[in-house]
Amino acid sequence: MKRTITLLFVDDDREFLLGKRLFFEARGFTVLTAESSEEGLALLETQVPDLIFVDLMIEHYDSGFALSHRIRQDERLRQVPVVMLSGVASATGRRFDDKEALLQRWSGLDAFLDKPVSGKQLLQLVQEKLGLALEDDESATAHQG
Amino acid sequence: MTPYRILVIDDEPGIRSGVRQILELEGYAVAEAESGRTAFSLLEQTPFDVALIDYRLPDIDGLTLLQAIRKRRPGTMTCMITAYANLETAIAATRQGIDFFLPKPFAPDDLISVIETLLRHKKVREEAERLRRAHEESLAALATEQSQTRSLVACLHDAVLVVNRQGTVVLANRAMAALLGHEEPELLQRPLADVLLGPELAPVRALLDEGVAERAGFELYLGDRAYLVSLTPFRAPDGTVLGRILTLADMTALRRLSIEKARFVRTMVHEFRSPLGAVKGLLEVAQDKSLGDRLDPYLPMLARAEQRLDGLVELIGDLLSLSRIEAEQRDPVAPPPLDVAPLVEEVADLCRERATGRGITVDVEIASPLPPVRVAADDLRTVLVNLVANAVKYNREGGAVKVRLSPTAEWLRTDVTDTGLGILPENLPHLFDEFFREKRKETRDIEGNGLGLSIVKRLVERAGGRLEVSSVVGQGSTFSLLLPR
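These protein sequences, in sequence, are chains A and B. As numbered in our numbering, residues 1 to 145 make up the first sequence, in order. As numbered in our numbering, residues 1001 to 1485 make up the second sequence, in order.
So here's chain A without its partners, still in its complex pose:
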C-alpha cells in the first residue's frame, strides 16, 4: 500500500487553508495546517511533512522567509521542500524582487509562487517536487462514483 503524502500549509488566511485542505484531502493527501509561524514550528516538532507551503506575509510582510530559514536549520527537515506563496511579489518593483531573490537563497526556498494559486497548480508542483506520477484525474474522479 502506498504511504500517504503529508502537506503542511502555513497561512493566516483560514478560508485559503480550508480550500486547500478540502482539495488535497479529496486526493488522498494528509493535510496539516497552521495559522502562524509559531503554530507551524510547534507542529513540525512532532511531524515531518513531505512538503511545506509557507505564506510570505504570515505575521509581518516577510515573516515567511524567517520561518523558512528556521525550517532549513532543522536537521530533520533539511530535505523537505519549502514552497513560498506570496500575494505581493509581482505587485512590487525591481527592488523588492532583488531583495526576495537574496532572501530566497537565505531562506533556502525551493520554489516561489504568486497568489492566487489554484489547487491544481499546487498539485502539479507537489508532483514535480516529490516525483509523483500524474494521477490527478484518477484521484479526483474517485469521489464521483
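These are computed hints drawn from the structure, not numbers from a lab. No experiment lies behind these values; they were computed from the predicted model shown. Treat the hints with care, as some may be off.
What the hints assert, rightly or not - Pairs of lysine-lysine residues, derived as DSSO-like cross-links and limited to a Cα-Cα distance of at most 27 Å, are as follows:
| hint | chain 1 | residue 1 | chain 2 | residue 2 |
| --- | --- | --- | --- | --- |
| 1 | B | Lys1439 | B | Lys1393 |
| 2 | A | Lys120 | B | Lys1280 |
| 3 | B | Lys1441 | B | Lys1393 |
| 4 | B | Lys1289 | B | Lys1261 |
| 5 | B | Lys1071 | B | Lys1123 |
| 6 | A | Lys129 | B | Lys1280 |
| 7 | A | Lys120 | B | Lys1289 |
| 8 | B | Lys1439 | B | Lys1402 |
| 9 | B | Lys1289 | A | Lys129 |
| 10 | B | Lys1441 | B | Lys1402 |
| 11 | B | Lys1071 | B | Lys1122 |
| 12 | B | Lys1457 | B | Lys1393 |
Said to hold, decoys possible - Rough simulated footprint, nothing fancy, chain B against chain A, three-plus residues with beta-carbon under 8 Å:
| hint | region |
| --- | --- |
| 13 | 13 to 22 |
| 14 | 44 to 52 |
Every residue, glycine too, gets a C-beta built ideally from N, C-alpha and C.
Let chain A serve as the given structure and place chain B on it in line with the hints.
Then chain B, alone, in the frame of chain A:
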C-alpha cells in the same frame, strides 16, 4: 607714434644742446634740465623714457637725483654721463639702480646706440612687468575661483565627493560628510573604499569599481530616504580622466509620494488578493466536487466564501470613503450646530444588535446640558459607528462598552471605553495607519481591514478635532474623541 622722450640733465649748455641735436635728428623728443631742481619739476610734469644724468650738478649730486627718479618714475631708464667716472661712483650708481654709464666725451653714434639699448631694455622690462602682473592677476583669480567653488560645493544640498585618478578623496562637502557619518576633514586624502562603508552603499562602490567612463546614475534608497546617485568623470582638455565626481542628490521629498503610494498599492493588492484567492480556492473545491456530488457538504464552505466577499465589498466601500475624504475640500462654511446626544443614542442602538449576541452591554452616559458642535452629522455618525463597533468587536464575551459624553472648556469630549483585549503599547503609534491591524493570537478571529480608524482620524481632523487613546492590555481601551465647541 609718439616719439620717445629723453631728458638731458647737465649744467653744461654745450652738452645739452649737443645731445638734443643728435637725438632730435633721430626722431626723439628731447627736454633739457640745467639743474637737479629743473629736472625734478620736469619729471613731476611728465614721464620720460630715458634720463641722461650728469653726475655733477650744481645743486644736487647725481646719485641723489638717480634715487629720486627711480622712486618717482620707476619706468624711466637712467644713464649716467660723467667725465669723472671712477669705480666708486660706478658701484654707488649701480647700487642705486643705474641702467648705463656713458663716459664724457662721447661720440654721437655711442649716444644713439646707448639710447637704443636703453629703450630696448625698457621694452623688455615693461613686457616682463606686464607678464608678471598678468600672472599675478590670474593667480589671484584662480584662488578666488577655487575658494568660490569650495564654498559653493560646501553649501550644496546635494552630497558631493571628488576623487582623483588614484581614487583618493580630494573634496567632500558637508552633506556628503553627514551622509557618510564623518566630519569633512576626515574624508580628505583617504581612499574611497575606506569612506564608502556599509552594505547599503554597495551599489555605489560597484559603480565606482566599474570605472564607468561617462556619466552614470541610478536611484538609491538609504533608510527611508531616496537619492539620485551620479558619477561624472572630469577630464583635462586633452581628454584624460583626472578624477571623478560622485553626487548623491536627495530626492526623498520628490519620491515621498511614490514611496508611500507603492507601499499603499502593495498592501491594497494583498488585501484584495487574499480574499479573492481564498474564494477562488473554495470555488475550485466545489467545481472539483472534492466533497462529492451532494450540495449540502459545500454549504458551510460557500457561506465562508460569501463572508470573504462581504469583507471585500466593505473594503471597497472604505477605500472609496478614504478617497472621498481626501478629495473633498474642507467646507469653508462650518456645518450648522449639531446636537450630538440623539446621534450617539442612534449609533449605540445600531451597535447593540451585534453586542447583545455576545452578551456585551452598550451604555450611554450623557452629562447635560451638552454644547452643540459644528460637525457634519454624517461624518460624526461614521466616526462614532467605527469607535463603538470596534469597542464591541474587540471586547470579550459578556463585556461592557461605555460611551460617555462630557463638555470641557474647549471641547465636547466623547469617551468610548471597552473591557476588551487592549492594545499593545508598541502598536499605539500605528493604530490610525491605513491597513494597520494588530496581529495577535487574540485578534485572529476578528474581521477587519485596518481602514476604519484611518477614516475616523481623517474625519476628526477635518472637523478640527482630536483623538486620544489609552489602553491596558487585557483590560480594555478608551478612545476619546474631542470636538471643538
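Status of each hint after checking the structure:
no.	hint	result
1	B/Lys1439 - B/Lys1393	holds (15 Å)
2	A/Lys120 - B/Lys1280	holds (12 Å)
3	B/Lys1441 - B/Lys1393	holds (15 Å)
4	B/Lys1289 - B/Lys1261	violated (42 Å)
5	B/Lys1071 - B/Lys1123	holds (19 Å)
6	A/Lys129 - B/Lys1280	holds (24 Å)
7	A/Lys120 - B/Lys1289	holds (13 Å)
8	B/Lys1439 - B/Lys1402	holds (25 Å)
9	B/Lys1289 - A/Lys129	holds (25 Å)
10	B/Lys1441 - B/Lys1402	holds (25 Å)
11	B/Lys1071 - B/Lys1122	holds (16 Å)
12	B/Lys1457 - B/Lys1393	holds (19 Å)
13	13 to 22	holds (count 8)
14	44 to 52	violated (count 0)
In summary, the numbered hints that this structure violates are 4, 14.
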